[in-house]
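Q: Produce the complete structure using the sequences and hints provided.
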Amino acid sequence: MDPRSEAARAKVNLALHVVGRRADGYHLIDTLVVFPPVVDRVAIRAGAGISLIVSGPTSRELERVAPQDNLVYRAALSLSAIAGIDVANGPGIEITLDKHLPTEAGIGGGSADAAAAIRLFAELWNLDLADPRITDLARRLGADVPMCIASVPLRARGIGEVVSPLPALPPAGLLLVNPRLRVSTAAVFARLGTYANPPIDEDCDFGSVEGLITTLTGMRNDLQPAALGLEPGIGGVLDALEALPGARVVRMSGSGATCFALFGDPEAAAAAGERLAATQPGWWIAASPLA
1 MDPRSEAARA
11 KVNLALHVVG
21 RRADGYHLID
31 TLVVFPPVVD
41 RVAIRAGAGI
51 SLIVSGPTSR
61 ELERVAPQDN
71 LVYRAALSLS
81 AIAGIDVANG
91 PGIEITLDKH
101 LPTEAGIGGG
111 SADAAAAIRL
121 FAELWNLDLA
131 DPRITDLARR
141 LGADVPMCIA
151 SVPLRARGIG
161 EVVSPLPALP
171 PAGLLLVNPR
181 LRVSTAAVFA
191 RLGTYANPPI
201 DEDCDFGSVE
211 GLITTLTGMR
221 NDLQPAALGL
231 EPGIGGVLDA
241 LEALPGARVV
251 RMSGSGATCF
261 ALFGDPEAAA
271 AAGERLAATQ
281 PGWWIAASPL
291 A
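FYI, the numbering for the sequence shown is 1 to 291, going by this note's numbering.
None of the hints are false.
Straight-line Cα separation of at most 20 Å, SDA-like style, residue types lysine to any residue; simulated pairs:
1) K99 with L62
2) K99 with P3
3) K99 with G282
4) K99 with L52
5) K99 with S5
6) K99 with P67
7) K99 with S59
8) K99 with I53
9) K99 with R4
10) K99 with R45
11) K99 with A43
12) K99 with W283
13) K99 with S51
14) K99 with T58
15) K99 with Q68
16) K99 with I285
17) K99 with R64
18) K99 with V38
19) K99 with E6
20) K99 with V65
21) K99 with R180
22) K99 with A66
23) K99 with R182
24) K99 with R74
25) K99 with N70
26) K99 with A7
27) K99 with E61
28) K99 with P57
29) K99 with S55
30) K99 with E63
31) K99 with G142
32) K99 with P179
33) K99 with R41
34) K99 with R60
35) K99 with P37
36) K99 with G56
These are computed hints drawn from the structure, not numbers from a lab.
Here the structure is a predicted model, which means the values were calculated and not measured.
A: Next up, the structure:
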């Protein structure tokens, strides 16, 4: 088997409206999502049995997670069963997860990693990503995994599994910032005061940077107030982003604590990131094109 790898792009919620709650407790959302080129990387090569090595700048955040509990490992094991591959007794695989994204950060790090593993092993074993068994596996691994498999700008509804692609987005710049705070998604949802919020307006303009900014300005992240109540430090990040020259839209992504600022172009985002890093060297900061 030749070594191969797959990028796991961060998931950024440009807007996230909570519009209801199902009887089973799952929340209904309406969200606009992009996947900027800020990534972890999943790599595989021949090995003995199936093993997972976690490395990279943010790997310490997963030190307490046993390899068999990691979503990448679980995805690989489940796909091997679907493919009819005996990785325990036949040709083995060594998986390396190179971690650069923070965990429990509102940008889908674990879901993105699982999705990258699914794409990687589906290609290796000639599996169709549209296979209902793979679709079911993705949903069982996490509500965000199906959209992370696509990793294209999209709108997601339901519990995140009903996705539709967005039109081509303008060449805006994105700055992601996490103050090294971890926030529990379940705890954030538990603090929501209401679930019956208005959905995203259908009248969206994605044709230009100015149109995108106007569109997003009229939207929100319904999880942001709840996350701020749990972790007030998020407010300091939002304030710091608001103060950056050229920041046009500032908001929290997902359930936090990562926040983002939208800029007119990637160069402005990169310059703002350098400026912020000089005053906040302990924060996780990444600048990139929007998508």
